[in-house]
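There are 4 protein chains.
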Amino acid sequence: MPFLVVNFKTYKQATGQQAVKLAKICEKVAKKTKVHVIIAVQNVDLFRVSSEVSIPVYAEHIDPVSYGANTGKDLPEALVENGAAGVLINHSEDRAELAQIEDDIKRAKGVGLMTIVCAPTSESSESIAVFAPDFIAVEPPELIGGDVSVSKAKPELIAKTVKLVHKVNKEVPVLCGAGIKDHDDVKIAIKLGCEGILVASGVTKAEDPEKALLDLIKGMAKPKTVKRSKR
Amino acid sequence: MPFLVVNFKTYKQATGQQAVKLAKICEKVAKKTKVHVIIAVQNVDLFRVSSEVSIPVYAEHIDPVSYGANTGKDLPEALVENGAAGVLINHSEDRAELAQIEDDIKRAKGVGLMTIVCAPTSESSESIAVFAPDFIAVEPPELIGGDVSVSKAKPELIAKTVKLVHKVNKEVPVLCGAGIKDHDDVKIAIKLGCEGILVASGVTKAEDPEKALLDLIKGMAKPKTVKRSKR
Amino acid sequence: MPFLVVNFKTYKQATGQQAVKLAKICEKVAKKTKVHVIIAVQNVDLFRVSSEVSIPVYAEHIDPVSYGANTGKDLPEALVENGAAGVLINHSEDRAELAQIEDDIKRAKGVGLMTIVCAPTSESSESIAVFAPDFIAVEPPELIGGDVSVSKAKPELIAKTVKLVHKVNKEVPVLCGAGIKDHDDVKIAIKLGCEGILVASGVTKAEDPEKALLDLIKGMAKPKTVKRSKR
Amino acid sequence: MPFLVVNFKTYKQATGQQAVKLAKICEKVAKKTKVHVIIAVQNVDLFRVSSEVSIPVYAEHIDPVSYGANTGKDLPEALVENGAAGVLINHSEDRAELAQIEDDIKRAKGVGLMTIVCAPTSESSESIAVFAPDFIAVEPPELIGGDVSVSKAKPELIAKTVKLVHKVNKEVPVLCGAGIKDHDDVKIAIKLGCEGILVASGVTKAEDPEKALLDLIKGMAKPKTVKRSKR
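Residue numbers (the numbering used here), protein chains in the order written: chain W, 1 to 231; chain G, 1 to 231; chain C, 1 to 231; chain U, 1 to 231.
Accuracy of the hints is not assured; some may be wrong.
Since the list can't tell identical chains apart, any single copy or any two copies may satisfy a pair.
[To be verified] In silico DSSO-like cross-links for lysine-lysine, where the CA-CA straight-line distance does not exceed 27 Å: (1) Lys-205 - Lys-167; (2) Lys-21 - Lys-34; (3) Lys-170 - Lys-205; (4) Lys-163 - Lys-187; (5) Lys-160 - Lys-170; (6) Lys-163 - Lys-109; (7) Lys-163 - Lys-205; (8) Lys-109 - Lys-12.
Note that these hints are calculated values from the structure, not bench results.
Please construct the entire structure, taking both the sequences and the accompanying hints into account.
Laid out in structure tokens, this is it:
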């Protein structure tokens, strides 16, 4: 069954108590549809959101620091203790140095956090596959938050990314994002080899987020009975 | 009555549930001594800590972003909603661009957060005073976490900072920090014109933090009856 | 006599051999009009440009590092050895941390480089005045490269900046920039207390840069006989 | 014939006129030994150094910007016009974001600059190989500038890097660096599959740089007659 990752970013409708409300809608949809819905929230909202829902809640950022003198950073251990199940890395709004991506993934794995590493291009997706993250999400920055989906504007980029990533590591599922609005966008992405999608404004700013989620999920393939191999 | 700011940083003894425990010790000491004890915690720990104590809990970092697409950032509004009463800005472990310091202070004031802006030197303290933060904390980076206190190593820096800051804005209280270990260090700082101190490892890594806090407070002046003017 | 600073940025017409050509035009205008024309060029162009003209050539960026292992940085000593007479600091396209601005100015002074520190607002200009740079240039970022000049769009910002900077340090001349296009813009700026202007595209992208420079200079006050006090 | 890359960094003995002197020594050794000696100098020194020697002179840093408003940056086109033949990317003292590394390489290739991309680990070397730079240089940061060479401290890291890089792209030569001091260090590196080395203080701070270079070259394999395939 595919993955649907909702990035709450810093949208008003996805902050603080509103984040809890939206998280509960995501949880409800997950239960109803059996789709793996994952949400990523502002680090500062992790505790309050993760306390209220049972779906996986990811942090939006990780600092690969260790216990000690690091004013202003959030420890990976603190993310876990506050309920994070995983973390977004290298989002185009939060780009990381190559060496830090490697550190981020190591630290995340070390404390038991799942990792979704974002990449702007097929090649950078392949490059990231080397570090064996749990997911790679390809998102052309120029389409993020826009009206045209990556599925329709750049289907060949999705296909190429899946191919290149799997050349390096067959076990890493590829997600795609940027401008994804409806079930048709999702259907194309899945058909091209993605195992899920990453959305933000399409859900957080929707008048009726539940309806928006259900519509996206309509584009996902029927559950297969084939067992996924372990990573 | 002076201020005692405890910066939890990312110390093990000051993270997650341990942060709550240490916060309660700080609260207990505050109640007992009537000293204004303020604690600064990892952003991700804000909600859990602020839910459990009544002393002011500050964030260690602020991002001057607004509602929208800012993956990986914590909104000022989200800091407030998760219980922050204020925020540390420009700590030497978390240096900010000059233009960002101005934005940070504006955004913080806009959402009702108090601001403690750190500075490495007397001149940069004076420079920051222009933006009228609620506190300025001068900390020579080379003494942070060390064995010699700023009070003993550089008393003239403290005196000069107080003078320069008050030349710009008489209303801004000056704190000092770096290597502060005992009541003697505090006494000197207060005598030189500081209205409080900023400590970290001296308390967070103390075998008995309550005892460490009480010892520091012994160095603080008796409460005056003079009313502070409003800022 | 006022100062006219031309920031070459990375404009095509102001790079490499084209930079030399434009520098010679600036030199010609300086000689003809007796205006203090200063040019700032890409660091990599410093040597070739400064070898060919006698007007002051500034670097666009300084790294406050010292001799040693700093791959990718340009030493302040190397800027000097390659002909720099000064340096731009904290341009809105090259923002610096507050602590670095202090270091930049110290290092620049230590090797004999003049400093023009840019600021986006009146308050940050005042803040920078504390560090006693040789010039402060106020430039509202939103007007840089645009069609409306700071003189016409925000005259009150210029007046306020001059006042605030001189409150801290009467000796620091204030320049202004952003959108400055003709002698009228310059006249207003000078009248409001500026001792010169900072321009870029208005000259570098002009069809006839010499004509553009001469037009700007028409807006400058007649030379006074009053001697400037030393800084 | 192997490559010997000398990174001048910001060492006193490798800045300004001293850089020219050292570059001439490198050129002399290159002519005498037929080894491919490449030097990387501070961007600001590019013009003066490249004007005086015929060996390839690389920039230490590239900014992937285009013509326009980018104060403080050096254009790739300006590097070329000032004599750069190539550029160092992602040195551990000048780390770059993953997305920027991709842009850096594209921009460098677009203007005809060769690229040496540094990496701290075997995995990040493999990751970089995806972008097909002209060279990859693996350098464990903790050994840079130290007394023990990567060849002796971590031979297995060199072997693994060569293997992983060539798995992705057989055409990319691997260099290694960090602590390389004498011909013995070089011999091991070459034997493990490196096609050259990257040195800095071992040459720049040597009492007799010519002697140091000649000693390093003693560790390099005899010229083979086999023709390298084009990249």
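The hints, checked one at a time:
{"no.": "1", "hint": "Lys-205 - Lys-167", "in the structure": "neither (36 Å within a copy, 44 Å between copies)"}
{"no.": "2", "hint": "Lys-21 - Lys-34", "in the structure": "within (20 Å within a copy, 39 Å between copies)"}
{"no.": "3", "hint": "Lys-170 - Lys-205", "in the structure": "neither (35 Å within a copy, 46 Å between copies)"}
{"no.": "4", "hint": "Lys-163 - Lys-187", "in the structure": "within (18 Å within a copy, 39 Å between copies)"}
{"no.": "5", "hint": "Lys-160 - Lys-170", "in the structure": "both (14 Å within a copy, 21 Å between copies)"}
{"no.": "6", "hint": "Lys-163 - Lys-109", "in the structure": "both (25 Å within a copy, 25 Å between copies)"}
{"no.": "7", "hint": "Lys-163 - Lys-205", "in the structure": "neither (32 Å within a copy, 45 Å between copies)"}
{"no.": "8", "hint": "Lys-109 - Lys-12", "in the structure": "between (31 Å within a copy, 19 Å between copies)"}
In terms of the numbered hints stated before, the structure departs from hints 1, 3, 7, listed from lowest to highest.
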